[in-house]
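2 protein chains.
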Amino acid sequence: MTDPASPREDKVPRTARGERTLRALLSAAAEEFGEKGFHDGSISGITRRAGCALGSFYTYFDSKDDIFRALVNDMSGQVRDYVSPRIAQAGNGIEAERIGLLSFLEFARAHKEIYRIIDEAEFVDQAAYRAHYENTATRMAARLKKAAQQGDVRADVEEVHAWAIMGMNVFLGLRYGVWDDSRPAQEIADIANALIEKGIGKPA
Amino acid sequence: MTDPASPREDKVPRTARGERTLRALLSAAAEEFGEKGFHDGSISGITRRAGCALGSFYTYFDSKDDIFRALVNDMSGQVRDYVSPRIAQAGNGIEAERIGLLSFLEFARAHKEIYRIIDEAEFVDQAAYRAHYENTATRMAARLKKAAQQGDVRADVEEVHAWAIMGMNVFLGLRYGVWDDSRPAQEIADIANALIEKGIGKPA
Numbered sequence: 001m002t003d004p005a006s007p008r009e010d011k012v013p014r015t016a017r018g019e020r021t022l023r024a025l026l027s028a029a030a031e032e033f034g035e036k037g038f039h040d041g042s043i044s045g046i047t048r049r050a051g052c053a054l055g056s057f058y059t060y061f062d063s064k065d066d067i068f069r070a071l072v073n074d075m076s077g078q079v080r081d082y083v084s085p086r087i088a089q090a091g092n093g094i095e096a097e098r099i100g101l102l103s104f105l106e107f108a109r110a111h112k113e114i115y116r117i118i119d120e121a122e123f124v125d126q127a128a129y130r131a132h133y134e135n136t137a138t139r140m141a142a143r144l145k146k147a148a149q150q151g152d153v154r155a156d157v158e159e160v161h162a163w164a165i166m167g168m169n170v171f172l173g174l175r176y177g178v179w180d181d182s183r184p185a186q187e188i189a190d191i192a193n194a195l196i197e198k199g200i201g202k203p204a
Numbered sequence: 001m002t003d004p005a006s007p008r009e010d011k012v013p014r015t016a017r018g019e020r021t022l023r024a025l026l027s028a029a030a031e032e033f034g035e036k037g038f039h040d041g042s043i044s045g046i047t048r049r050a051g052c053a054l055g056s057f058y059t060y061f062d063s064k065d066d067i068f069r070a071l072v073n074d075m076s077g078q079v080r081d082y083v084s085p086r087i088a089q090a091g092n093g094i095e096a097e098r099i100g101l102l103s104f105l106e107f108a109r110a111h112k113e114i115y116r117i118i119d120e121a122e123f124v125d126q127a128a129y130r131a132h133y134e135n136t137a138t139r140m141a142a143r144l145k146k147a148a149q150q151g152d153v154r155a156d157v158e159e160v161h162a163w164a165i166m167g168m169n170v171f172l173g174l175r176y177g178v179w180d181d182s183r184p185a186q187e188i189a190d191i192a193n194a195l196i197e198k199g200i201g202k203p204a
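If you read the sequences in order, they're chains A and B. Everything in the first sequence is counted per our numbering, starting at 1 for the first residue and increasing by one. Everything in the second sequence is counted per our numbering, starting at 1 for the first residue and increasing by one.
Keep in mind that the hints were calculated from the coordinates and are not lab data. C-beta: ideal position from N, C-alpha, C; glycine also. Among the clues, some could well be false.
To be verified - No more than 30 Å apart at the CA atoms, straight line, and that leaves these computed lysine-lysine pairs for DSSO-like: (1) A/K146 - B/K198; (2) A/K145 - B/K202; (3) B/K145 - A/K202; (4) A/K36 - B/K145; (5) A/K202 - B/K146; (6) B/K202 - A/K202; (7) A/K64 - A/K36; (8) B/K202 - A/K198; (9) B/K36 - A/K112; (10) B/K198 - A/K202; (11) B/K198 - A/K145; (12) A/K112 - B/K64; (13) A/K146 - B/K36; (14) B/K202 - A/K112; (15) A/K198 - B/K146; (16) A/K198 - B/K145; (17) A/K36 - B/K36; (18) B/K64 - A/K36; (19) B/K198 - A/K198.
Unchecked claim - Here are some, though not all, of the chain A residues that point toward chain B, as calculated from beta-carbon distances under 10 Å: (20) F107; (21) E159; (22) V170; (23) P203.
To be verified - Here chain A is said to cover these stretches of chain B; the calculated rule only asks that three of the stretch's residues, wherever they fall, bring their Cβ under 8 Å from a Cβ of chain A: (24) 67-73; (25) 85-93; (26) 153-162; (27) 165-178.
Chain A with its partners taken away, still in its complex shape:
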C-alpha cells in the first residue's frame, strides 16, 4: 500500500533543504487552513506564511486541493507518531488506552487546528477523511485484539469497540482539548479509562 501522505514520486524532496521546504509548506498550510478554512485559504497565503516562492509550492504540490489532502494525511500521521510510541510504553492493554487518550488530549491542546482541518476533509476530500478514521480504528482494533490475547481485555473485543473508544477520544479531545482545556488532561483520561477498564477489561 502506498502512503497517501507522501507526495507523488516525482515530487519527493531529494535534499535536506527540499525536505525543509516541504515541511515549511505543510506547517504554513496548517496555519492558513486552520485560520481561514479551505475555501478562504489560498496558495499565496501559504507561500507567504512559509516564506517561499510560488515556484517552490508547485515543486511539491499541484493545487490547493493537493496540499490540503497532503496536510490531512500529514496531520493524521503526526497524531499517530505522537501517540503510538507513548502507547508502546504501556504495561498492559488497558493502560495502553489510557495513555492513548492522554497523549491525544496533549496533542489536541498543542495543535488546536487539527479538528478544523481533519473535519473539513469531510467536505473537501472525503477519501482522506475516511482514511484518517479508518486507519485509526484499524490500529486500535489490532491493539485491542492483541490485548485480548494477552489476557488484559475480554476475548470478544472487536471492531465496534474500537469505533466506540475512538469516538469517545475524539469528542473528549474536542470538548476538553480544543474548546476548553481547563481540566487536567490526566483527570479526563482517568475517568474515561475507568469506563473502558470496567467495560472491556477481563474480569479478575
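With the hints as your guide, set chain B onto chain A.
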C-alpha cells in the same frame, strides 16, 4: 432561553399553510445542502426543490446562512424528538442508553445527510455546531445523573461520561449508520451498551 431553531418572531408562520411552506423549505434545504454542501448549495436550488417562489423563501429566511442555521437547529431537534420519547420507555438508566443509541442509529440510517449538514456547521455556523453537541451532552448528563439517583448507574457519573458516550454514539452512527449499514443496528447497540453497563453500571 429562546429556541434558536425558531425563526424570528416576525417570520413565524401564522397559518397551517405557512407552516407547511416553512417545513417544505427546510426539507428542501436538507436535500440541497446534503447533496451539494453549503458553498455549492443555493437559495434557488432550495426553492426549486420545495416548489415555491423566491418570495416565500424570504418570508421565512433572510439568507442562505439563515436557512442553514435554521436547518442545523431543526435537525438537532429532529434527532432529539425521535430519540427522547423512545428513551422515556426504558425500564432503567442503562437500558435508556441502549435505546438512545439504537434509535440514533435508526435515525442516522434514515437521514444519512444529517452528518454532512451538522458537521458542515463547524465551518458555516460554529455556534449552531457547538449548541447541537452541548445540548445533546447536557441532556445525556442529566439523564445519567437521574439514573445514578435511582441506583442504576454509579454515583460519580459526570459530564465527562456524557461526552464519552455521546462521542461513541456519533462515531458508531457514522460507521454503522451512514457509511455501512450492513450490520443490524440492534447488534451494534447491544455491544456498545454492554461496554456502558459494565463501565458505569452500579456494581451488583
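Could you work out which of the previously given hints the structure breaks and list their numbers from low to high? Those not satisfied are hints 4, 13, 14, 20, 24, 25.
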